[in-house]
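Going down the list, the sequences are from chains A and B.
Residues 0 to 488 (numbering that gives the first Met the number 0) make up the first sequence, in order.
Residues 0 to 488 (numbering that gives the first Met the number 0) make up the second sequence, in order.
Do not rely on the hints blindly, as some may be mistaken.
Because identical chains cannot be distinguished in the list, a pair is counted as satisfied if it fits within a single copy or across any two copies.
As the list claims (entries may be wrong) - Straight-line alpha carbon distances no greater than 25 Å define the calculated DMTMM-like cross-link-like pairs of lysine to aspartate or glutamate that follow:
id	residue 1	residue 2
1	112	366
2	447	268
3	10	32
4	11	55
5	101	268
6	10	25
7	11	169
8	244	221
9	10	105
If you're looking for bench data, these hints aren't it; they were derived computationally from the structure.
There are 2 protein chains.
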Amino acid sequence: MSLPLLLDHLKKVATLGQVAGIISWDQETMMPEKGATQRAEQTGVLAGLIHQLNTDPRIPEWVAAIDEKEISEFDKANIREATRDYNRSTKVPEDLAQTIAKASAEGQMIWSKAREAGDFQMFAPALEKLVQLKREEAQCLSNRQDNLYDALLDQFEPGAKTETLLPLLEELREPLVDLREKISEKPTSKRFMGHYPASKQLALAEKLAKQLGYDFDAGRIDISTHPFSSGGSGDSRITTRTDEKDPLNCLYSTAHEVGHALYAQGAPEPFLPAAQYCSMGIHESQSRFWENQVSRSRSFAEWLYPEMKSYFPDMNISSADEFYRAVNRVETGFVRTEADEVHYNLHVLLRFELERELISGDLEVKDLEAEWNKRFKKYFGLEVIDVKLGVLQDVHWSVGLFGYFPTYSLGNIYSACLDKAMLIDIPDRDQKIATGNTTQTLNWLRNKIHDKGKLLSAEDLIQSATGTTPSARPLIEYLEDKYGTLYDL
Amino acid sequence: MSLPLLLDHLKKVATLGQVAGIISWDQETMMPEKGATQRAEQTGVLAGLIHQLNTDPRIPEWVAAIDEKEISEFDKANIREATRDYNRSTKVPEDLAQTIAKASAEGQMIWSKAREAGDFQMFAPALEKLVQLKREEAQCLSNRQDNLYDALLDQFEPGAKTETLLPLLEELREPLVDLREKISEKPTSKRFMGHYPASKQLALAEKLAKQLGYDFDAGRIDISTHPFSSGGSGDSRITTRTDEKDPLNCLYSTAHEVGHALYAQGAPEPFLPAAQYCSMGIHESQSRFWENQVSRSRSFAEWLYPEMKSYFPDMNISSADEFYRAVNRVETGFVRTEADEVHYNLHVLLRFELERELISGDLEVKDLEAEWNKRFKKYFGLEVIDVKLGVLQDVHWSVGLFGYFPTYSLGNIYSACLDKAMLIDIPDRDQKIATGNTTQTLNWLRNKIHDKGKLLSAEDLIQSATGTTPSARPLIEYLEDKYGTLYDL
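Just chain A, with the same shape it has in the complex (with noise of 0.2 Å):
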């Protein structure tokens, strides 16, 4: 009796997750203005109604009643992330963890004024706390006291060390600074110009999504300032936004939330903590394949393209190839969010080290701005001249997101391992995807990666998908490859 009995409770409480998914959807896309008090005060009492249903004393005894003999494999996992959650959850006091929340609160409002104001002082004490915090927060999860951020990592990458990861991200770098190197040797390819209906903008994106496998019967797309996915299985939604000087932003936010959603679509069945996303980096890594292995593609672009010029007659690209060339434009910039491919990952790298030193106290929150600008100018090149383009770029660290910002670039690793693989799998995708068919591609990933859920930990996801270890050379081969055609290296 004790497994059903646990797996109604686990049920209620991913459950309860959907309805705070909904809320916060609602409150980036629908909610007026007014209804903010009200509705932090509803995100809060939500939090605190999972929180002990995750803390309930009965999942440890449930969980030492059952003979894990006897049972699925689905609800092995279902047990051991119900346990990894109890645990969680127990580990750090309630005091903590409201402290936390308040200071993340408090921390995002404070770095919005910051940035505004163009001055990483103003945020520094906030951060100062929040890390404090955080490192708290991590003593209680750690096992091992050496290294803090390894839990706070694990959170968003369960099972994930630094010690795996390093060698892992840190492959990608000598490569890139290299190929980046060269691409800035050669003449940059030409510009998106002119003017873009935002409403035509989005009936394009919706065609896209359509096109990509996106089940609008189980989604809708909104706008909302930073695009996002939220939900799951029938009712996955996914929010773009829209730039009328440049159509790339709207069209490549949707395929990559589009990816994120093609992962929550293809959930298992029923929602129970087995049937969620594997990892921050295998959810990461559907958006990135579909944004980039798929989308920005040579032969994607020969769908895409003649789609782009019936919506946008007097766009200034005028061939499938001219558009290829302009979707990969490369070009070293201070912001993460708008890096090339070429760029993106080393821009993770430098927060990546940053955050790492600042959790374990080898860099102090004072010496941080300095820091970022020593080493961006060391790894791009760049002298930073505007702290908003800087260390005050990203939302992350002021509401506490300490281990988050390696899982883009694992993202990025495991698309490219999935790439590679599903290649030698359906050796005419390419053609397939040149006719806007991505039936097989959608179905490779449904098999391999959405039909597993949680069942198994990145790592082993990706090594079942693929047949070896996550490894950073798909992705370099990948870059060197398409860049290297592209720039006539």
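Given chain A, put chain B in place with the hints provided.
Below, chain B without anything else, positioned relative to chain A:
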């Protein structure tokens, strides 16, 4: 210490109620089709949690420990309502509550199919079951076994009793039948003809809402099959619908929902039981007031007609006076929701008597269709030939809503009482309304009704606002006066 603990608890319940309201709004306006299954689950989990909080055994302990002499009127009302909710929630066994919830969900589905098929007998067994279950529920709730109906009524109109409601509502019958008959001998006014684009109707609806005082920073208008209002305070949303052949549907359903929403936006802070709406009758008095006493008035036609004309230059109505006549066209019909002010309460009286007899056992479900048709013929002079426009027209009974219908007529009665008192306090109100200025009107309702939340019973609230006991006389006089002039009686 008991009071803060109790208030904290009540705040939590109210907050979860708001969350339930948001996901229900989302379901009607935004949710993709395939989200239905998980949404049902989410709604169920929230209802369960709310029930659990409402039946927390600490509630009566906290209440017992509070010294009522030392606290505010507002908190006395909070305690009264907490006790009321606790009693209602604990008196009905959870098994029965769940059976009713399930039977209601099924009932609505079967009703919907039976209505489509035009077959009452298809629906009869489900209704039979619901009547039986609601009788059981009423028995649990009632201290007086001789009037089960009151226990159901009390859910929507706290403290109301059939013995006071019946004479109040029945007083309407004779004058209304009389008025109806006199009007039927006169020529009817002009109908709206032509085509009214949905987008223009929505733009006008928004303009109307603003003009009536609806705060768009604390709400929004969307489309749904059946218009409704939801939420409260800083987040009070409404929906509307459009029919391109009939602009009045969108216009007046918007005015109606705006009336509800103005009440909700004016709710006192903080959001605790005493800050919630007084009763369904009072809520309906607000919607009907803005729909009828304001938006269907001769004065407001001076503002509304030119607006209509600017949105629909081709409309077949050519003066404010003709507009006023057209929006107050009286015609005997089968459907309550399409009824004019003269017929509306006669529709309610029919349902009120039938549902009392169903609950008392004086009428059996198998005879309901025949009884409906017989009495409809008697009261309206029309033969019901289509059950879809007869006993199957309303969703209420199919979801177990017995005791709800009379609150519609109470709303009409109360709105006329308020109208009469307001005109004494603001003698030039109608001149103001003729220019579109409704500020004084709204302020009067804010002071007399909205600010009071649930401090008083509906009866006492009307008494305090108008200086006299609620009576049907103001409504009868208002209708006789208005339609006497309109139809030259």
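Those earlier numbered hints the structure runs against, lowest number first:
7
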